[in-house]
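Student: What follows is the residue order along each chain.
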Amino acid sequence: MEIPVDKHVAFHDLALRWLPDVTRFAHSLTRNESDAEDLVQETYLRAWRHWDSFRVGSEARAWLFTIARNAWRKRAPRDARLVAVEDDTLQALADEHFPLGAPNDVLQRLSDADLRPAIHQAIAALPEAFREVVELVELQELPYAEAAAVLEIPVGTVRSRLFRARRLLQTSLLEYARDAGLAPVHAEKESSQ
Amino acid sequence: MITDTDRKTPDMPSLDCGAAVRMLWDYLDGNLDSVNEAEVRAHVTRCSHCFPHANFGQIVIDAMAQVRNTPDNEATVRAGVLSRLRAEGYEGS
Ligand SMILES: [Zn+2]
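For the protein sequence lines, the chains are A and B, in the order given. The first sequence begins at 1 in the working numbering and counts up one residue at a time. The second sequence begins at 1 in the working numbering and counts up one residue at a time.
Fair warning: there could be bad hints in the mix.
Unchecked claim - Between beta-carbon pairs, the in silico distance windows are: (1) Val56/A x Asp72/B: 26 to 34 Å; (2) Asn32/A x Arg86/B: 19 to 27 Å; (3) Pro143/A x Val67/B: 15 to 23 Å; (4) Arg55/A x Gln58/B: 33 to 41 Å; (5) Asp26/B x Asp6/A: 36 to 44 Å; (6) His49/B x Val56/A: 45 to 53 Å; (7) Asp72/B x Glu141/A: 47 to 55 Å; (8) Arg86/B x Ala180/A: 45 to 53 Å; (9) Pro117/A x Arg46/B: 48 to 56 Å; (10) Asp26/B x Ser34/A: 19 to 27 Å; (11) Ser34/B x Asn32/A: 43 to 51 Å; (12) Ala75/B x Thr171/A: 32 to 40 Å; (13) Glu91/B x Val56/A: 54 to 62 Å.
Said to hold, decoys possible - A partial selection of chain B residues facing chain A, derived with a Cβ cut-off under 7 Å: (14) Gly80; (15) Val81; (16) Leu85.
No lab work stands behind these hints: they were computed from the structure. Positions of the beta carbon are idealized from the N, C-alpha and C atoms, including for glycine.
Kindly generate the complete structure, drawing on both the sequences and the hints.
Tutor: Following this line, the structure appears as structure tokens:
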């Protein structure tokens with residue numbers, strides 16, 4: 001079968017351009033470099049085989065993320081029990097999703113510090129349902145609606161999980177600040193509401 | 001701290017702290033309409049209770065922006081992907 005030349009060009013221009021994003025997303029799913037590499041290969045292989053089903057004119061990134069996520073789910077199906085209790089667990093983990101407050105001197109020291117290692121660690125420690133929302137919306141800058149489509153959840157859930165995830169990240173940053181001697185042990189109690 | 005009653009004017013209804021904090025993430029993300037945005041801005045810049053919430057919210061958003069980086073193994077990943085694709089007839093670069 002003759003493959004038209006423009007299919008190759010289109011795949012290069014529309015799909016392969018997202019390779020760094022797909023790699024990062026795969027890494028956020030697998031949390032392991034070699035599994036991530038395998039998953040990226042599998043994702044692009046599937047994308048190439050099913051390129052005809054891609055709607056040219058839409059952005060391929062969310063489509064690639066969906067393929068990657070489905071492939072990963074097939075390889076590593078989540079524990080059914082975890083899925084069943086997920087909502088309760090999430091509720092208990094981050095009941096409040098309002099931003100946390102902290103004393104001004106602590107905030108000043110936090111904004112002067114290099115928070116990248118702390119944030120990496122804090123994101124890695126998030127429950128999966130929160131981590132994937134943070135990855136798509138915050139790190140990949142996908143619109144809420146596209147993230148919702150990739151994750152197969154309502155847009156409102158994307159929004160509330162994102163806000164709760166940020167609140168958990170704030171809690172982690174305060175812990176980091178305490179461990180790094182940037183904040184007194186009781187810091188977050190002073191001005192959280 | 002400027003209280004709610006101090007700030008109330010007929011053409012600019014003020015928010016209480018609860019409402020301001022509830023809208024803070026949307027405010028920081030630029031998701032509010034112009035009326036709500038102006039109200040939240042007016043409130044958090046003048047309220048000593050809400051200001052640290054807005055400030056800390058911005059810190060976590062900025063910190064996440066700093067970790068939006070390109071993976072450092074991109075060349076290896078690309079080589080692996082291309083070799084699998086070429087085995088299936090892909091002829092691009
Ligand atoms: Zn207030």
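Student: Grab the minimum C-beta distance from Leu85/B to chain A and call the hint holds if it beats 7 Å, violated otherwise.
Tutor: Interface hint status for Leu85/B: holds (6 Å vs cutoff 7 Å).
Student: Given Gly80/B was flagged as interface, is its beta-carbon under 7 Å from a beta-carbon of chain A?
Tutor: 5 Å, holds
Student: Do the beta carbons of Asp72/B and Glu141/A sit within 47 to 55 Å of each other?
Tutor: Once the Cβ atoms are compared, 20 Å apart, the range 47 to 55 Å for Glu141/A and Asp72/B is violated.
Student: Taking the Cβ atom of Ala75/B and the Cβ atom of Thr171/A, is their distance within the range 32 to 40 Å?
Tutor: 37 Å, holds
Student: Within 43 to 51 Å or not, the Cβ separation of Ser34/B and Asn32/A?
Tutor: 46 Å, holds
Student: Does the Cβ pair Arg55/A, Gln58/B satisfy 33 to 41 Å?
Tutor: 37 Å, holds
Student: Can you tell me whether the CB distance of Pro117/A to Arg46/B sits inside 48 to 56 Å?
Tutor: Violated: the Cβ-Cβ distance is about 35 Å, outside 48 to 56 Å.
Student: I want to verify a distance hint. Is the separation of the beta carbons of Pro143/A and Val67/B within 15 to 23 Å?
Tutor: Given range 15 to 23 Å: holds, Cβ gap about 20 Å.
Student: Looking only at beta-carbon atoms, does the pair Asp26/B, Asp6/A fall within the given range of 36 to 44 Å?
Tutor: Taking Cβ atoms as reference, Asp26/B and Asp6/A lie about 43 Å apart, which means the hint holds.
Student: Between Glu91/B and Val56/A, is the Cβ distance one that fits in 54 to 62 Å?
Tutor: About 19 Å separates the Cβ atoms of Glu91/B and Val56/A, which means 54 to 62 Å is violated.
Student: Just tell me: holds or violated, for the beta carbon distance of Arg86/B and Ala180/A against 45 to 53 Å?
Tutor: Taking Cβ atoms as reference, Arg86/B and Ala180/A lie about 48 Å apart, which means the hint holds.
Student: If you check the beta carbons of Asp26/B and Ser34/A, does the distance land in 19 to 27 Å?
Tutor: Check failed, 39 Å falls outside 19 to 27 Å.
Of the numbered hints stated above, those contradicted by the structure are hints 7, 9, 10, 13, listed in ascending order.
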